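Protein chains: 2
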Amino acid sequence: MNAILDELTPVFYPRSIAVVGASSDETKSGSQFLKALVRVGYAGALYPVNRSAERSCGLPAFTSLQDIPGPVDYVIVAIPRNAVLSLLDDCAIKGVKAVQFFTAGFRESNAPNAAQLEREMASRARSGGFRIIGPNCIGIYNPSARIPYGPLGEIGEPGSVGFISQSGGHGGRLVELGLERRINFSKLVSFGNGADLDCVDFLEYLAADPETKIIGAYLESVSRGSQFVHLVRRVSKQKPVVIWKGGRSEAGSETAASHTGALSSSYSVWKAAMTQAGAIAVESLDELADTIIGLEAIGPDTGVRAAIVCGMGGGGGGESVLAADVFSGRGLEVHPFSDGTRSEIAALLPGAGTILRNPLDLGGILPRPQVLERVISLVLADENVDLLVVQEHLGKLMKSLVGDELNAVNQTLIASSRSKNKPLVVVAPAWARTEPALEIEDHLRRQGVPVYRSFETAAGSIARVARSFGRLRSNTT
Amino acid sequence: MNAILDELTPVFYPRSIAVVGASSDETKSGSQFLKALVRVGYAGALYPVNRSAERSCGLPAFTSLQDIPGPVDYVIVAIPRNAVLSLLDDCAIKGVKAVQFFTAGFRESNAPNAAQLEREMASRARSGGFRIIGPNCIGIYNPSARIPYGPLGEIGEPGSVGFISQSGGHGGRLVELGLERRINFSKLVSFGNGADLDCVDFLEYLAADPETKIIGAYLESVSRGSQFVHLVRRVSKQKPVVIWKGGRSEAGSETAASHTGALSSSYSVWKAAMTQAGAIAVESLDELADTIIGLEAIGPDTGVRAAIVCGMGGGGGGESVLAADVFSGRGLEVHPFSDGTRSEIAALLPGAGTILRNPLDLGGILPRPQVLERVISLVLADENVDLLVVQEHLGKLMKSLVGDELNAVNQTLIASSRSKNKPLVVVAPAWARTEPALEIEDHLRRQGVPVYRSFETAAGSIARVARSFGRLRSNTT
Numbered sequence: 000m001n002a003i004l005d006e007l008t009p010v011f012y013p014r015s016i017a018v019v020g021a022s023s024d025e026t027k028s029g030s031q032f033l034k035a036l037v038r039v040g041y042a043g044a045l046y047p048v049n050r051s052a053e054r055s056c057g058l059p060a061f062t063s064l065q066d067i068p069g070p071v072d073y074v075i076v077a078i079p080r081n082a083v084l085s086l087l088d089d090c091a092i093k094g095v096k097a098v099q100f101f102t103a104g105f106r107e108s109n110a111p112n113a114a115q116l117e118r119e120m121a122s123r124a125r126s127g128g129f130r131i132i133g134p135n136c137i138g139i140y141n142p143s144a145r146i147p148y149g150p151l152g153e154i155g156e157p158g159s160v161g162f163i164s165q166s167g168g169h170g171g172r173l174v175e176l177g178l179e180r181r182i183n184f185s186k187l188v189s190f191g192n193g194a195d196l197d198c199v200d201f202l203e204y205l206a207a208d209p210e211t212k213i214i215g216a217y218l219e220s221v222s223r224g225s226q227f228v229h230l231v232r233r234v235s236k237q238k239p240v241v242i243w244k245g246g247r248s249e250a251g252s253e254t255a256a257s258h259t260g261a262l263s264s265s266y267s268v269w270k271a272a273m274t275q276a277g278a279i280a281v282e283s284l285d286e287l288a289d290t291i292i293g294l295e296a297i298g299p300d301t302g303v304r305a306a307i308v309c310g311m312g313g314g315g316g317g318e319s320v321l322a323a324d325v326f327s328g329r330g331l332e333v334h335p336f337s338d339g340t341r342s343e344i345a346a347l348l349p350g351a352g353t354i355l356r357n358p359l360d361l362g363g364i365l366p367r368p369q370v371l372e373r374v375i376s377l378v379l380a381d382e383n384v385d386l387l388v389v390q391e392h393l394g395k396l397m398k399s400l401v402g403d404e405l406n407a408v409n410q411t412l413i414a415s416s417r418s419k420n421k422p423l424v425v426v427a428p429a430w431a432r433t434e435p436a437l438e439i440e441d442h443l444r445r446q447g448v449p450v451y452r453s454f455e456t457a458a459g460s461i462a463r464v465a466r467s468f469g470r471l472r473s474n475t476t
Numbered sequence: 000m001n002a003i004l005d006e007l008t009p010v011f012y013p014r015s016i017a018v019v020g021a022s023s024d025e026t027k028s029g030s031q032f033l034k035a036l037v038r039v040g041y042a043g044a045l046y047p048v049n050r051s052a053e054r055s056c057g058l059p060a061f062t063s064l065q066d067i068p069g070p071v072d073y074v075i076v077a078i079p080r081n082a083v084l085s086l087l088d089d090c091a092i093k094g095v096k097a098v099q100f101f102t103a104g105f106r107e108s109n110a111p112n113a114a115q116l117e118r119e120m121a122s123r124a125r126s127g128g129f130r131i132i133g134p135n136c137i138g139i140y141n142p143s144a145r146i147p148y149g150p151l152g153e154i155g156e157p158g159s160v161g162f163i164s165q166s167g168g169h170g171g172r173l174v175e176l177g178l179e180r181r182i183n184f185s186k187l188v189s190f191g192n193g194a195d196l197d198c199v200d201f202l203e204y205l206a207a208d209p210e211t212k213i214i215g216a217y218l219e220s221v222s223r224g225s226q227f228v229h230l231v232r233r234v235s236k237q238k239p240v241v242i243w244k245g246g247r248s249e250a251g252s253e254t255a256a257s258h259t260g261a262l263s264s265s266y267s268v269w270k271a272a273m274t275q276a277g278a279i280a281v282e283s284l285d286e287l288a289d290t291i292i293g294l295e296a297i298g299p300d301t302g303v304r305a306a307i308v309c310g311m312g313g314g315g316g317g318e319s320v321l322a323a324d325v326f327s328g329r330g331l332e333v334h335p336f337s338d339g340t341r342s343e344i345a346a347l348l349p350g351a352g353t354i355l356r357n358p359l360d361l362g363g364i365l366p367r368p369q370v371l372e373r374v375i376s377l378v379l380a381d382e383n384v385d386l387l388v389v390q391e392h393l394g395k396l397m398k399s400l401v402g403d404e405l406n407a408v409n410q411t412l413i414a415s416s417r418s419k420n421k422p423l424v425v426v427a428p429a430w431a432r433t434e435p436a437l438e439i440e441d442h443l444r445r446q447g448v449p450v451y452r453s454f455e456t457a458a459g460s461i462a463r464v465a466r467s468f469g470r471l472r473s474n475t476t
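Residue numbers (numbering that gives the first Met the number 0), protein chains in the order written: chain A, 0 to 476; chain D, 0 to 476.
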């Protein structure tokens, strides 16, 4: 075990958590942090701490950390700013591993002496032998340790995506989006102002963490810039690193200063440095999620020649034109099928209303299951095809197919793609999504099939990932 | 009334429709066209036509057009290709106004003599004194005449957006998307191969149509290129014209040839010509819809200084940074509030956890109604603010607010924006959308408030519209 794992594993897998500011008033943020931990079944010991030792969420409380009988690994703090220094002295005495401050109003604010107070906190942590996460943050999210994301308490299944977020809000939105799109996290941390532990520390930890296979980050500033760039260069050789930088514009960068006290540098300089260091730079939450999903679907050896199938649920001519435009616009190839594939497909499908080339437009009428299976199999076996993109208008298909027919269609697609060992992704339009259609989407995702909302986002995701694996040269994304 | 209105009004408002190919077999496309007309309550006479005079959808049928007792304005054709020429002769004798061919397999296919057959059809229509829509298309959609969109039968409320689509699929998706996002159409036409009536004719008609205020088009090719450009230049001075061109790439353009027999020119040349002619060029269905929605929200006199409010339902710091980045990245201004506004807001809202500037981050905790109303009113009254963008995490807000509280919040926003006469748009993230949240979105849309899925799409839409009104110069979108 290396040093950073030694130091941070007890923080991400605490045996016990104290919540300072949890009381009988359940509207308080501290009480909500505690309530969420209780609700999702955190297995370690939980200790509410408040001045009058009021019970909180059914648990006995303590007036101070020192009164807690057992050891405390992780402390969540949601009390006013003026009480934090004496609390840190208590933490040192108690021998905690890390303290996370939900409390805000430090370097990011205009409050007098706020920046100085933040430096003093970091200094007391150093002398006290523990670490600080924050202030002005949500802290640790670790599904395998049953630690939910902050007071709102979202928790998903454990996975292999590690994430570092300077913004608590974006971290939360990514967790939510992950619940919907089946992005499963090994762990995620919102670290706010980063007075002590910062993105360098957390990146080192996720690089060493055996549960983390893909690393993502939302950052507004990097205080140890050159160290971070060197680290990204090293880590990206072992695990893909996706970075979203906030505060790219002047207006955004001024806002970032008020958000997490960040002082950000020129975005173009930053983006060039990150790309040269082997990271994938993205510019929105959706791009971030789509890229992570792409990394889970497309391997380093996957080529860039996409077969595209349209016309499953509604005429697919226009969709086929669009798909060809956006995939080739992103630098991916929509290579013609070989003559053999074309003539075999032509013998199976009607000529009118369809387009029997790549993209293949089925023309809105789904062929009989055996025919569909044969067509998909021919497409996947084509020597000019590296991956398959299937557009399914799920709402429409559900109207025309009955019972499990749509599931059977999807199973056929999935089985064919597996037997040919070529990735399959689905494009399902975002509008008119009914509950049953969402269930089908979820089923596909659980089977490991990425579902994108549009050809644009699918092509963008695949192109970014292919470029990061060195399979696309030109910078068209 | 001008010539094009004279000629095409009976086509868009037919007194009677014959459906050739509608029979007792309800799986046939012709039967489905007829069924959809019956279901939505088309008020004119409906006549199924098939060789054995089988009743269809409960209506008595005829073996030929000539047998129909009354006049026939509009003919929908869904029969095999080899029967179309003799049908056209029948149409001439019957004195119909227009024939729409769902039938495909003409110029867009590889079938022998298909292009020649298509030319012959156009020639027979000319000599017969009627017009052809298609072949290979869905035809007319006119909610005010209770004509639904083709066999699937979608129909929305009548509105003021006129749309021309070379693709039946994209036309259908736009109708669906319109149902969800409350884009209401005056009329829409899918015209496929455009053997006779083409985009020039339909653009002239929509320009003259008093019910149409905004014109959109999806085109893969324009056969009468210079005439179309001249027309766009003239029309865009009276009504905004938004154009999405398919077949931009080589691959897409080859696909377009197989889709609607289109021979498309270089996209960059096309885009420059369209932009110079005053049209707004877009490159996807979502961009198209967002732009139309923006045109309905933002007027020619609206400035480009956006006030942005975040943190309604979840911490809004990261969102504020993002919003500032994307709005300024699109050339819009995120201008600081005046000192007076800032100090008044600072007196109303807490300093910790919020960001009291533009973007304004409420910090995740909604202020009391009177305070919120006062804050919004201050922001809107600021001399540096032209429009208001409010980010609402509806799913989260619904968890923390009860009953009609969220509606009350939205009413407050809407009323404030109206009283200051400055546009308001809402950004509601697309994920985690529950049914009740979707109802709130729909309520907002019915009140005339555009709801976008992200800051990126909102900023893109507003910037494109502002540029088309000459309020943004640089070409950053």
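Since the hints were derived computationally from the structure, they do not count as laboratory data. These figures come from a predicted structure and were not determined experimentally. You may find that some hints are simply not true.
Claimed, not checked - Facing chain D, a subset of chain A residues (Cβ under 10 Å, in silico):
1. E6
2. Y41
3. A351
Stated by the list, open to error - Taking lysine-lysine and the BS3-like style, the derived pairs with C-alpha atoms no more than 25 Å apart in a straight line are:
4. A:K395 x D:K398
5. A:K398 x D:K398
6. A:K236 x A:K212
7. D:K398 x A:K34
All residues carry an ideal CB built from backbone N, CA and C; glycine is no exception.
Status of the hints after comparison with the structure:
| no. | hint | verdict |
| --- | --- | --- |
| 1 | E6 | 27 Å, violated |
| 2 | Y41 | 21 Å, violated |
| 3 | A351 | 3 Å, holds |
| 4 | A:K395 x D:K398 | 31 Å, violated |
| 5 | A:K398 x D:K398 | 32 Å, violated |
| 6 | A:K236 x A:K212 | 12 Å, holds |
| 7 | D:K398 x A:K34 | 15 Å, holds |
The structure does not agree with the numbered hints 1, 2, 4 and 5 stated previously, though it agrees with the rest.
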